[in-house]
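Please take these sequences and the hints and turn them into a complete structure.
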Amino acid sequence: MTDVVMSPNIVFVVTIAALFTVGTYLVLERSLTRILLGIVLLGNGTNLLILVAGGAAGAPPLIGVQSDRPMSDPLPQALILTAIVITLGLTAFLLAMAYRSWQLHRHDEVQDDVEDRRIVRLAAIDERAFEDDDTESGGETLDEEAATTRDEMDEGLAFEDVHAEPVPDDPGRAARPSTTTTDGEEGR
Amino acid sequence: MTDWSWLVPLPVVLPLSGAGLTLALYRRPRVQRVVSLVTLTLVAVVAAALLVLADAGPVVVEIGDWAAPVGINLVADRLSALMLTVSSVVILCVLVYSLAQGREDGERFAPISIFHPTYLVLSAGVANAFLSGDLFNIYVGFEILLAASYVLITLSGTTERIRAGTIYVVVAILSSILFLVAIAGIYAATGTVNLAQLALRLPEIDPGVRLVLQSMLLLAFGIKAAVFPLSAWLPDSYPTAPAPVTAVFAGLLTKVGVYAIIRTQTLLFPGGQLDDVLMWVALATMLVGILGAVAQDDVKRLLSFTLVSHIGYMVFGVALGSQHGWTAAIYYVAHHITVQTALFLVVGLVERFGGTTSLDRLGGLAKMAPVLAVLFFVPAMNLGGIPPFSGFLGKVGLLEAGVELGTPLAYALVVGSVVTSLLTLYALIKAWNKAFWQTPPEPLPAHRVPLLMVVPTAALVVVSLALTVFAGPLYGYTERAAQTLSDRTYVQAVLPDGQRGEGESQRAADEDVEAGTAPQDGGEG
Numbered sequence: 001m002t003d004v005v006m007s008p009n010i011v012f013v014v015t016i017a018a019l020f021t022v023g024t025y026l027v028l029e030r031s032l033t034r035i036l037l038g039i040v041l042l043g044n045g046t047n048l049l050i051l052v053a054g055g056a057a058g059a060p061p062l063i064g065v066q067s068d069r070p071m072s073d074p075l076p077q078a079l080i081l082t083a084i085v086i087t088l089g090l091t092a093f094l095l096a097m098a099y100r101s102w103q104l105h106r107h108d109e110v111q112d113d114v115e116d117r118r119i120v121r122l123a124a125i126d127e128r129a130f131e132d133d134d135t136e137s138g139g140e141t142l143d144e145e146a147a148t149t150r151d152e153m154d155e156g157l158a159f160e161d162v163h164a165e166p167v168p169d170d171p172g173r174a175a176r177p178s179t180t181t182t183d184g185e186e187g188r
Numbered sequence: 189m190t191d192w193s194w195l196v197p198l199p200v201v202l203p204l205s206g207a208g209l210t211l212a213l214y215r216r217p218r219v220q221r222v223v224s225l226v227t228l229t230l231v232a233v234v235a236a237a238l239l240v241l242a243d244a245g246p247v248v249v250e251i252g253d254w255a256a257p258v259g260i261n262l263v264a265d266r267l268s269a270l271m272l273t274v275s276s277v278v279i280l281c282v283l284v285y286s287l288a289q290g291r292e293d294g295e296r297f298a299p300i301s302i303f304h305p306t307y308l309v310l311s312a313g314v315a316n317a318f319l320s321g322d323l324f325n326i327y328v329g330f331e332i333l334l335a336a337s338y339v340l341i342t343l344s345g346t347t348e349r350i351r352a353g354t355i356y357v358v359v360a361i362l363s364s365i366l367f368l369v370a371i372a373g374i375y376a377a378t379g380t381v382n383l384a385q386l387a388l389r390l391p392e393i394d395p396g397v398r399l400v401l402q403s404m405l406l407l408a409f410g411i412k413a414a415v416f417p418l419s420a421w422l423p424d425s426y427p428t429a430p431a432p433v434t435a436v437f438a439g440l441l442t443k444v445g446v447y448a449i450i451r452t453q454t455l456l457f458p459g460g461q462l463d464d465v466l467m468w469v470a471l472a473t474m475l476v477g478i479l480g481a482v483a484q485d486d487v488k489r490l491l492s493f494t495l496v497s498h499i500g501y502m503v504f505g506v507a508l509g510s511q512h513g514w515t516a517a518i519y520y521v522a523h524h525i526t527v528q529t530a531l532f533l534v535v536g537l538v539e540r541f542g543g544t545t546s547l548d549r550l551g552g553l554a555k556m557a558p559v560l561a562v563l564f565f566v567p568a569m570n571l572g573g574i575p576p577f578s579g580f581l582g583k584v585g586l587l588e589a590g591v592e593l594g595t596p597l598a599y600a601l602v603v604g605s606v607v608t609s610l611l612t613l614y615a616l617i618k619a620w621n622k623a624f625w626q627t628p629p630e631p632l633p634a635h636r637v638p639l640l641m642v643v644p645t646a647a648l649v650v651v652s653l654a655l656t657v658f659a660g661p662l663y664g665y666t667e668r669a670a671q672t673l674s675d676r677t678y679v680q681a682v683l684p685d686g687q688r689g690e691g692e693s694q695r696a697a698d699e700d701v702e703a704g705t706a707p708q709d710g711g712e713g
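So the protein sequences, as listed, match chains A and B. My numbering applies: residue 1 is where the first sequence begins, and numbers increase by one. My numbering applies: residue 189 is where the second sequence begins, and numbers increase by one.
None of these hints come from the bench; they were simulated from the model. Source: prediction; values computed, not measured. The beta carbon of each residue, even a glycine, is placed where N, CA and C say it ideally should be. Keep in mind that a hint or two might mislead.
Partial list, derived from the structure: chain B residues whose beta carbon lies under 8 Å from chain A [unchecked claim]:
| id | residue |
| --- | --- |
| 1 | VAL328 |
| 2 | TYR338 |
| 3 | ILE350 |
| 4 | ILE361 |
Using C-beta positions, here's what the derived DEER-type ranges look like [stated by the list, open to error]:
| id | chain 1 | residue 1 | chain 2 | residue 2 | range |
| --- | --- | --- | --- | --- | --- |
| 5 | B | ALA654 | A | VAL14 | 17 to 25 Å |
| 6 | A | VAL85 | B | VAL219 | 24 to 32 Å |
| 7 | A | VAL85 | B | ILE251 | 12 to 20 Å |
| 8 | A | ARG106 | B | LEU225 | 36 to 44 Å |
| 9 | A | ILE119 | B | TRP625 | 23 to 31 Å |
| 10 | B | PRO631 | A | VAL85 | 50 to 58 Å |
| 11 | A | GLY64 | B | PHE658 | 51 to 59 Å |
Just a few of them, taken from the derived set where beta-carbon distance is under 10 Å, the chain A residues facing chain B [claimed, not checked]:
| id | residue |
| --- | --- |
| 12 | ALA53 |
| 13 | GLN66 |
| 14 | ASP108 |
Written as structure tokens, this is what we have:
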């Protein structure tokens, strides 16, 4: 009897695996909307996982209801309800952020870390092994640069906006050596 | 003795009610300010009272009078009461600071109607995470404080904040999902999410499964606590928020993760299987973090990296797995919350005065603003671990505990922490030289710094000094807290007979037994 209760429903297990696989794939994307979808899938996969953790389904967990089957465990259902509400709230917030990002930049890509941009810049100054999309600098400061750097360059309008005036590489950088790239010499 | 246990839920209930009230009063910013100030002052008083009460033994409250493993319970033991007290003092100081900043800048600082409710919700979430005696309720506490932090970090939605906020939000949500998966696994393995009952049941399950569950929890908390290699999100996201928000995040949010690590490692997984892994992680966190700090030329980013680096010290203390290690780790957490927050607040003042936080543009502040110089210098030296400050005492405690363990890895960590300490000092001295002593490349604007912003900063610096002056009693308290962690009074207090708490359902069950109609088992597997 207990063996039957302990082995989880195979349909649930396969569904959870599928949700987690697709969710993980989507979270690795750069567009916030896709990440959002990935998070929704991951969240639902987790909810199912909690349901499975509660054991097999049984009679409604109400005292006074006569049934020959054992009651199902009510606690996971309470946990899932809480988790669903939280995921809902966060989904709404992420959607708002994606929309705000689109308002500001006409795209919703997660942008580069400033530290990443710094490394790119230093590497470009040091020695350029090969030409790459990333080796051009997009703006004055690291923040602006991070904001304008994108992976997907397929939407014509946004792309033209960002790169309307291509910044020449070395003169711009040589003119302001002291702001962000170096931090040793001129401070003393 | 009177029963004071009704105090325990107040640090959660008061700020949540305050948040509702401030939201309803969104048209009356003046009343909002009063409500937040009163609420958080009350919370600080309650937390201090709990600190005293918990010293006599854990104070347990069963919510709705449901007996422990069935209902949710809140527990204030020495560790959580201490965390709660330090954090509520810090939250209060930062609130005063932001009130002053809001008065100066108006809506430019933050939409006031949003700021106050969110800030109170954040405070409630932090308190809930500290007090909860139930793993799922800790998750809820985390979500409360994280949801509030998402709003605070993207306040007014500027380009830069959206950029940094996106990464922060996505990483935090993923860590929460990981935490939830771990909870599902734990529930499947043990059939409970109550911490005290887990402490009884987890030793009975398969060691392999236990190890998986432990690593999943550590992974989830490691992201929140910003432990290397899970720390990359922090230095980029924190500095973009408004100064008070950064300060409260840096002081508290990562420490909630550290608290969760301490709690689960000591209560649920006392065997110490992963201690060696944690030691390596702690070493890497210290060194990588501080090397990052040395490379920075912006004070805010520099401080964010030192924050990551010093999380390593706390993880080191936890990983030692001895009472001395835990004692030092808890003391270090208390010290670090106050000092790191104070430093970020001072940098906020510096930014206000000089208009920038770039070390290449700042200069001459020691002469122009001597008060700021003193306010920066004291916590900076404290963070660097110069005797006699509390940072030194905490580090000495950790080093002693490490030497006491005596394994080669422990010695490696002892050396690593000394090196990190020196590098911290180097990074902060560099910042001091550039911002306070060098001649500024071009004259600074020298804006007026409002007195009301200086006062809470100074208060926090004084608190951090008080941690030094009263280090004896405080260290005694953390020692007793570590003692509580290792002798498992916690389980005793929550489940006196090892089965159930003392709520309503227990009384009903007792009556049933007396009447001879005891139901056959609750139905749980």
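Hint by hint, here is what the structure shows:
no. : hint                             : in the structure
1   : VAL328                           : holds (7 Å)
2   : TYR338                           : holds (6 Å)
3   : ILE350                           : holds (5 Å)
4   : ILE361                           : holds (6 Å)
5   : ALA654/B to VAL14/A: 17 to 25 Å  : violated (59 Å)
6   : VAL85/A to VAL219/B: 24 to 32 Å  : holds (30 Å)
7   : VAL85/A to ILE251/B: 12 to 20 Å  : holds (18 Å)
8   : ARG106/A to LEU225/B: 36 to 44 Å : holds (42 Å)
9   : ILE119/A to TRP625/B: 23 to 31 Å : holds (30 Å)
10  : PRO631/B to VAL85/A: 50 to 58 Å  : holds (54 Å)
11  : GLY64/A to PHE658/B: 51 to 59 Å  : holds (58 Å)
12  : ALA53                            : holds (4 Å)
13  : GLN66                            : violated (14 Å)
14  : ASP108                           : holds (9 Å)
Against the hints set out earlier in the document, violations occur for numbers 5 and 13.
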